[in-house]
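From first to last, the protein sequence lines stand for chains A and B.
Just so you know, my numbering puts 457 at position 457 of the first sequence, and the rest follows in order with no gaps.
Just so you know, my numbering puts 165 at position 165 of the second sequence, and the rest follows in order with no gaps.
The reader is advised that the hints may include incorrect statements.
Unchecked claim - Here's a subset of chain A near chain B, in silico, CB distances under 8 Å, partners left out:
(1) I130
(2) E374
(3) R375
(4) P378
To be verified - Using C-beta positions, here's what the derived DEER-type ranges look like:
(5) A/G36 - B/G152: 30 to 40 Å
(6) B/F155 - A/P378: 39 to 49 Å
(7) B/L55 - A/K442: 23 to 33 Å
(8) A/Y288 - B/L131: 21 to 31 Å
(9) A/H91 - B/L117: 39 to 49 Å
(10) B/E37 - A/D20: 24 to 34 Å
(11) A/E247 - B/F85: 15 to 25 Å
Since the hints were derived computationally from the structure, they do not count as laboratory data.
A virtual CB, placed ideally from N, CA and C, is assigned to each residue, including glycine.
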Amino acid sequence: MTSDTTEKHRNFDKQRDLPDEVRVENAMAGFIAEFGPRAQSWMNACVRCGLCAEACHFYLATGEEKYTPIHKIKPFEDAYALTHGPFSWLHGLLGRKPKLTIEELEEWEELIYDSCNMCGRCTLACPMGIDIASLVKDARRGMYAAGLLPDRLARIVRNAEKQHSPFGSPEDFRKTIKEIEKEYGIPLPLDKPKADVLMTITPEALENRHFGVASMARVLHHLGYDWTFCSDAFEATNFGYLSGNMELQGALTVRLIDKAREIGASMLIVPECGHAWGATRWEAAKWYGAPVDDIKIRHIVEVLADAVEDGKLECRPVGESATFHDPCQQIRRGGLEEKPRILMRALGMELREMDPHGLDAFCCGGGGGVLANERAGPLRLKAFELKKRAVEETGADHFVTSCNICEMTLGRDIEATGFGKQIESLIDLIGANMITDQPPLKAPGSGAKPKGVGKRAAGAKKAGKGRSAARRKPAAKK
Amino acid sequence: MTLLELLEGPLWIASASIFVAFAAFRLIVILFTGRREAEARPAGSPFLGALRTILGHFLPWRRLLGNGKAWFVTIAGYSFHIGLFVLLLFAAPHVEFIREKIVNLPWDPIPRWGFILSAQFAFAGLITLWLRRFVDPVVRLISRPDDHVAAGLTFIVMLTGCMALGEQSAFLRGLHLGLVELWLIYFPFSSLMHTFTWPFSRGFTGAMAGRRGTRA
């Protein structure tokens with residue numbers, strides 16, 4: 001066992017060499033570090049009715065009561081009352097000490113990291129309106145401070161701290177952007193000293209979805225934006241937010257916004273990522289102590305939907321039925337519910353909504369860092385059954401989403417289960433079907449398939465289903 | 001001074017004072033301490049969001065309309081709370097006591113049949129919700145000792161209140177009043193405080209959602 005990895009065959013991971021009592025202290029201090037009236041109201045309102053369980057896909061898929069959302073923060077909740085609650089002074093006078101132990105924290109690591117996507121569905125079911133997802137985020141901050149998080153997530157966080165991004169360094173980014181330019185024959189503005197729009201990206205897009213990057217760039221060119229990528233501020237995914245490393249969350253957000261200010265941008269575009277949207281659009285203000293009013297922080301889906309509504313973006317009709325997976329951080333917790341539906345309509349797709357959908361939709365199961373956590377794989381697959389059933393019931397030709405993490409999660413789950421569908425990117429569909437004067441994307445060299453688009457699940461191949469509209473109908477000139 | 005006089009005089013004042021002071025203290029700590037973070041530029045109205053969540057969560061979430069547990073909790077919850085508040089504010093001995101000790105209530109007490117009906121609703125709700133804490137695996141897991149103490153104490157207060165309804169026994173009146181005083185002292189330190197915290201919990205969540213242009 002080293003100082004930053006855990007020994008094998010334990011149901012929890014442990015990082016850093018810290019005495020147990022320090023881990024427990026750090027955990028509690030981390031948990032309450034950002035408590036204010038909002039969190040304290042939630043902590044003082046639960047009546048233990050258990051209805052939050054009825055909303056949680058992990059509970060619904062397994063029937064195991066330990067996945068009840070409010071139970072996931074139990075150790076912290078008990079200790080909060082004794083050490084930081086309104087009557088902690090009284091407990092102190094009576095000699096009542098916090099019961100939080102290292103064993104409890106180790107046991108709860110699975111519940112806090114593996115079985116919660118912070119999707120917020122339980123909030124809708126709670127009669128008291130407690131936002132348990134926010135409290136789990138607070139619990140993760142405590143767990144991170146205690147050095148108790150899944151090893152793989154810890155490694156990704158370290159990469160983000162040391163190399164700029166889990167994808168790699170700014171130099172790796174520059175090389176990859178040049179490769180994509182060459183591969184698809186599209187200019188990708190990079191490190192312009194001045195630009196009106198700073199475009200950001202996810203590691204997944206850089207690693208596996210080059211076609212998606214090219215498509216997105218083509219749409220931005222079509223819309224006539226003066227935009228650029230910046231090699232020292234490209235990473236949108238916020239692994240600080242996901243892991244509970246608040247210093248990193250702040251640093252990653254501030255890096256993007258400061259860069260946008262440096263290049264004189266009036267807009268910062270968040271790519272197809274859910275938690276990036278939450279961290280940047282909804283939580284940036286806390287790092288500056290004031291709302292970020294000088295730069296519009298917009299999601300790519302929002303930018304494209306508004307362009308469609310303004311008549312600046314038109315698409316050739318795909319003309320088939322589709323169902324849309326609602327990424328929880330964009331829709332339920334992000335306020336973009338209608339935007340992807342505008343894009344689906346622009347594609348001429350017959351939208352067959354899943355039951356449930358929109359604000360009520362089930363999460364993909366991989367958000368909130370769960371996908372990055374190998375240990376959670378089997379549990380995630382159980383939760384996928386709910387989504388699979390909902391998709392099947394629509395009978396739609398296409399299964400579309402607008403979040404890279406959802407796409408990656410559902411893609412892996414589809415592959416693992418042999419489900420006869422393929423998950424498609426809404427942005428790729430727009431990029432491939434928009435009516436434009438922009439030159440078409442060059443077919444990638446050496447016979448390679450466009451990355452990330454047109455990949456089919458094994459089951460889909462056998463069934464002959466799931467043709468990708470993005471690949472089948474390459475973009476044409478007007 | 002007899003025990004009943006003690007219970008109706010100094011002990012009543014002491015327990016009511018503890019209730020008011022510590023409940024207010026708890027609310028002040030909740031609402032006025034800790035960090036206040038800067039919020040993002042709103043996409044919607046935080047006020048309307050708060051209002052929508054405060055009112056909307058009086059009913060089960062639309063996805064749970066076909067869920068038996070949700071209806072059980074909702075019906076039993078309303079049965080208990082409405083029954084209890086009717087007893088508390090409209091039962092003849094309570095109206096008389098409140099008029100004498102606190103404020104001159106402007107309404108007439110309910111008739112005896114109204115008391116009995118309200119008590120039946122309140123008992124049915126409380127007992128079924130409490131039993132559920134033992135039989136439903138989810139609720140059994142998440143219930144704290146405090147939840148059982150709060151339910152038990154409320155049950156005994158209600159039971160002795162029914163026993164003392166005829167006002168024929170000073171002992172029963174004293175027993176009920178003593179338990180009410182114990183309940184008042186326990187209240188601010190327990191989950192019974194949800195009586196006051198629910199609008200804040202719902203309101204903060206709703207405001208957050210409203211700001212983001214979504215609903216909670």
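Restraint satisfaction for A/I130 [CB to CB of chain B, less than 8 Å]
Nearest chain B Cβ about 6 Å off; hint holds.
Can the suggested window of 39 to 49 Å be confirmed for the beta-carbon pair B/F155 and A/P378?
holds (44 Å)
Interface hint for A/E374, Cβ within 8 Å of any Cβ on chain B
violated (27 Å)
Could you check the hint for me, namely that A/G36 and B/G152 are 30 to 40 Å apart, CB to CB?
holds (34 Å)
Is 21 to 31 Å respected by the C-beta to C-beta distance linking A/Y288 and B/L131?
At roughly 52 Å between Cβ atoms, B/L131 and A/Y288 fall outside 21 to 31 Å, so the hint is violated.
Confirm or reject the claim that A/H91 and B/L117 have a C-beta distance inside 39 to 49 Å.
Once the Cβ atoms are compared, 41 Å apart, the range 39 to 49 Å for B/L117 and A/H91 holds.
Do the Cβ positions of A/E247 and B/F85 conform to the proposed distance bound of 15 to 25 Å?
Between A/E247 and B/F85, where Cβ atoms are some 48 Å apart, the hint is violated.
Residue hint A/P378, partner chain B, criterion CB-CB below 8 Å:
Since chain B brings no Cβ nearer than about 22 Å to A/P378, farther than 8 Å, the hint is violated.
Outcome for the supplied range 24 to 34 Å, where the beta carbon pair is B/E37 and A/D20:
Roughly 31 Å apart at Cβ, these two residues keep to the hinted range, so it holds.
Okay, B/L55 versus A/K442 on CB: inside 23 to 33 Å?
violated (56 Å)
Hint validity - A/R375 Cβ closer than 8 Å to any chain B Cβ:
violated (22 Å)
In the structure shown, a violation is registered for the earlier hints numbered 2, 3, 4, 7, 8 and 11, in ascending order.
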